[in-house]
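Put the two chains together into one complex, using the hints given.
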Amino acid sequence: SQQGEEDPQALSIQEGENATMNCSYKTSINNLQWYRQNSGRGLVHLILIRSNEREKHSGRLRVTLDTSKKSSSLLITASRAADTASYFCATYPIGSRLTFGEGTQLTVNP
Amino acid sequence: ETGVTQTPRHLVMGMTNKKSLKCEQHLGHNAMYWYKQSAKKPLELMFVYSLEERVENNSVPSRFSPECPNSSHLFLHLHTLQPEDSALYLCASSQGQGANIQYFGAGTRLSVL
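If you're matching them up, the sequences are chains A and B in order. Residue 1 is where the first sequence starts when you use the working numbering, and the numbers rise one by one after that. Residue 1 is where the second sequence starts when you use the working numbering, and the numbers rise one by one after that.
Think of the hints as simulated: they come from the structure by calculation, not from any bench. Don't be surprised by glycine CBs; every beta carbon is placed ideally from N, CA and C. Fair warning: there could be bad hints in the mix.
In the DSSO-like style, the derived pairs of lysine-lysine whose C-alpha atoms are separated by at most 30 Å in a straight line are [stated by the list, open to error]:
#1 A:Lys69 with B:Lys19
#2 B:Lys36 with B:Lys19
#3 B:Lys41 with A:Lys56
#4 B:Lys18 with B:Lys36
#5 A:Lys69 with B:Lys41
#6 A:Lys26 with B:Lys40
#7 A:Lys56 with A:Lys26
#8 B:Lys41 with B:Lys22
#9 B:Lys40 with B:Lys22
#10 B:Lys19 with B:Lys40
#11 B:Lys41 with B:Lys18
#12 B:Lys36 with A:Lys26
#13 A:Lys56 with A:Lys70
#14 B:Lys36 with B:Lys22
#15 A:Lys26 with B:Lys19
#16 A:Lys26 with A:Lys70
#17 B:Lys36 with A:Lys70
#18 B:Lys41 with B:Lys19
#19 A:Lys70 with B:Lys19
#20 A:Lys56 with A:Lys69
#21 B:Lys41 with A:Lys70
#22 A:Lys26 with A:Lys69
#23 B:Lys18 with B:Lys40
The following residues of chain A were derived to be distant from chain B, with all beta-carbon distances above 10 Å [unchecked claim]:
#24 Gln14
#25 Asn18
#26 Thr20
#27 Gln33
#28 Gly40
#29 His45
#30 Lys56
#31 Arg60
#32 Asp66
#33 Ser73
#34 Thr77
#35 Ala78
#36 Ala81
#37 Ala82
#38 Glu102
Okay, chain B solo, but in the shape it has when bound (with noise of 0.2 Å):
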């Protein structure tokens, strides 16, 4: 175990459903980041908190909302997602945002029909 848990771990929805992905740190870190994996394509950091305040969006869709409401927890609120949307996506934490080891957790499969 990474310390990093994310639920739930597989996720089906229709293009019309609002659904959340969680994530959860027990590594006392302070940055949180929410990457997305697709087949055949490097990871895409798409949001960075710091301190429970967004510091970096990567020029996401509206359709994907994140949200801190401490430094323990991350969501990721989805709505209206594209079937292109379909991937694994990856919550990581680190101590601080610069150049330190970040930990993942194992991911929530996303499937968008």
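Same shape as in the complex, but just chain A (with noise of 0.2 Å):
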């Protein structure tokens, strides 16, 4: 089974407003990490949380983390047409493998 499961799937907003996307996880992690994927290209990292950490910034992204709940948002402030894209978050399960959820795709109408 998956380790990071992204909700909702799909999300669709108006331009100005947040966005806020959920990863929960299964096992204890060394660190958990969000990317980016424009249609039909790589992925672009966007920002790494560690496990002794709660929150991070970058901009305009901002990542909580709560290792009880094994859970992880990713809020997009003031969003803007251009954030339309996936996003997916990774966690690094201790001992193993950076392991991808299915992503949610966010569009940001203008």
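Okay, here's the thing in structure tokens:
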């Protein structure tokens, strides 16, 4: 069974609104990473949060991690049409490999 | 640009053809990966190379054959593929194979007829 699962599978919002995506995982992790993928392209790393961190910011991105609930969230504030993409959480289980979820497809309407 | 270049970007091949995918990284990394991305499925890790040695092969059929001649180049040789092998094939690299950030190429969109 896959390690990370994103929720929702798809999200459609208006430009300027905030977008929140969630990720749940099953086993203890070393770190959790969020990646973005534009249609038909490779993945681009957005942010890494370690297991001993609770929150990280990068520009308009805010990531939280709750290891007791085995969950993370990615918040994109003041979204833009260019933010339209698939967003993946990837977990690094201790002693294993980076494992990706199925992703959340975000559509930001102008 | 991520520093990882994949060629070709698109490939159409018949089931009896032999072709190769190429990946080159300009980041000085020592670990490289092949992933398969199919519609509606999570990214599947196929192979991991660390310091030019294969350290992982995730039960990938033998019709996929990886080659890593040096730390900057990675190939995926394809032969007698099946239509279900049609997918986006992604190459990635990282510094060390531990819990580090991976840098991806743009992928090769493969269609098997």
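Structure-based check of each hint:
For the proposed pair lysine 69 of chain A and lysine 19 of chain B, the alpha carbon gap of about 46 Å is over 30 Å, so the pair is violated. Distance check on the hinted pair: lysine 36 of chain B and lysine 19 of chain B sit about 16 Å apart at the alpha-carbon level, within 30 Å; holds. For the proposed pair lysine 41 of chain B and lysine 56 of chain A, the alpha carbon gap of about 28 Å is at most 30 Å, so the pair holds. Our distance criterion of 30 Å between C-alpha atoms is met by lysine 18 of chain B and lysine 36 of chain B, whose separation comes to about 18 Å.
A distance of roughly 25 Å separates the Cα atoms of lysine 69 of chain A and lysine 41 of chain B; the hinted pair therefore holds under the 30 Å criterion. Among the hinted pairs, lysine 26 of chain A with lysine 40 of chain B is consistent with the structure: their alpha-carbon atoms are about 20 Å apart, no more than 30 Å. As the CA atoms of lysine 56 of chain A and lysine 26 of chain A are separated by approximately 21 Å, the hinted pair is consistent with the 30 Å bound. Between lysine 41 of chain B and lysine 22 of chain B the alpha-carbon distance is near 23 Å, which keeps this suggested pair within the 30 Å criterion.
Proposed proximity of lysine 40 of chain B and lysine 22 of chain B is supported: the alpha carbons are some 25 Å apart, at most 30 Å. Restraint check for lysine 19 of chain B and lysine 40 of chain B: satisfied, since their Cα atoms lie roughly 26 Å apart, inside the 30 Å limit. Of the supplied pair hints, the one linking lysine 41 of chain B and lysine 18 of chain B holds, its CA atoms being roughly 26 Å apart against a limit of 30 Å. Restraint check: the Cα-Cα separation between lysine 36 of chain B and lysine 26 of chain A comes to about 23 Å, which is no more than 30 Å; the hinted pair holds.
Simply put, lysine 56 of chain A and lysine 70 of chain A have alpha-carbon atoms about 16 Å apart, close enough for the 30 Å limit, and the pair holds. For the proposed pair lysine 36 of chain B and lysine 22 of chain B, the alpha carbon gap of about 14 Å is at most 30 Å, so the pair holds. Our distance criterion of 30 Å between C-alpha atoms is broken by lysine 26 of chain A and lysine 19 of chain B, whose separation comes to about 38 Å. About 7 Å separates the Cα atoms of lysine 26 of chain A and lysine 70 of chain A, which keeps this hinted pair within 30 Å; it holds.
Proposed proximity of lysine 36 of chain B and lysine 70 of chain A is supported: the alpha carbons are some 26 Å apart, at most 30 Å. A threshold of 30 Å between alpha carbons decides the hint, and for lysine 41 of chain B with lysine 19 of chain B the separation of about 24 Å falls inside it, so the pair holds. Restraint check: the Cα-Cα separation between lysine 70 of chain A and lysine 19 of chain B comes to about 42 Å, which exceeds 30 Å; the hinted pair is violated. Restraint check: the Cα-Cα separation between lysine 56 of chain A and lysine 69 of chain A comes to about 17 Å, which is no more than 30 Å; the hinted pair holds.
Straight-line distance between C-alpha atoms of lysine 41 of chain B and lysine 70 of chain A comes to about 22 Å, which keeps the hinted pair within the 30 Å bound. Using a Cα cut-off of 30 Å, the hinted pair lysine 26 of chain A and lysine 69 of chain A holds, with the two alpha carbons roughly 9 Å apart. With a C-alpha separation of about 27 Å, the suggested pairing of lysine 18 of chain B with lysine 40 of chain B holds against the 30 Å cut-off. With 10 Å as the threshold on Cβ separation, the claim that glutamine 14 of chain A sits away from chain B holds: the shortest Cβ distance comes to roughly 26 Å.
Every Cβ of chain B is farther than 10 Å from the Cβ of asparagine 18 of chain A; the closest lies at roughly 25 Å, confirming the non-interface assignment. The claim that threonine 20 of chain A is not at the interface with chain B holds, since no C-beta of that chain comes within 10 Å of its own (minimum 21 Å). A Cβ of chain B approaches the Cβ of glutamine 33 of chain A within 10 Å, the least distance being about 7 Å, so the stated non-interface status is violated. Its closest Cβ contact with chain B, about 7 Å, brings glycine 40 of chain A to no more than 10 Å, contrary to its assignment away from the interface.
A Cβ of chain B approaches the Cβ of histidine 45 of chain A within 10 Å, the least distance being about 5 Å, so the stated non-interface status is violated. No beta-carbon of chain B is positioned within 10 Å of the beta-carbon of lysine 56 of chain A; the least distance is around 13 Å. For arginine 60 of chain A, the non-interface assignment is confirmed: its Cβ lies about 19 Å from the closest Cβ of chain B, beyond the 10 Å cut-off. In this structure aspartate 66 of chain A is separated from chain B by more than 10 Å, as the shortest Cβ-Cβ distance comes to about 19 Å.
Here serine 73 of chain A stays apart from chain B, with its beta-carbon at least about 19 Å from theirs, past the 10 Å limit. Distance to chain B confirms threonine 77 of chain A as a non-interface residue, since its nearest Cβ pair spans about 23 Å, more than 10 Å. Listed as a non-interface residue, alanine 78 of chain A keeps its Cβ farther than 10 Å from every Cβ of chain B; the least gap is roughly 25 Å. No Cβ of chain B comes within 10 Å of the Cβ of alanine 81 of chain A; the nearest lies about 21 Å off, and the non-interface call holds.
Every beta carbon of chain B lies more than 10 Å from that of alanine 82 of chain A, the smallest distance being close to 17 Å; the non-interface claim holds. At the 10 Å boundary, the C-beta of glutamate 102 of chain A falls inside the reach of chain B, the nearest C-beta of that chain being 5 Å off.
The earlier numbered hints that this structure contradicts are 1, 15, 19, 27, 28, 29 and 38.
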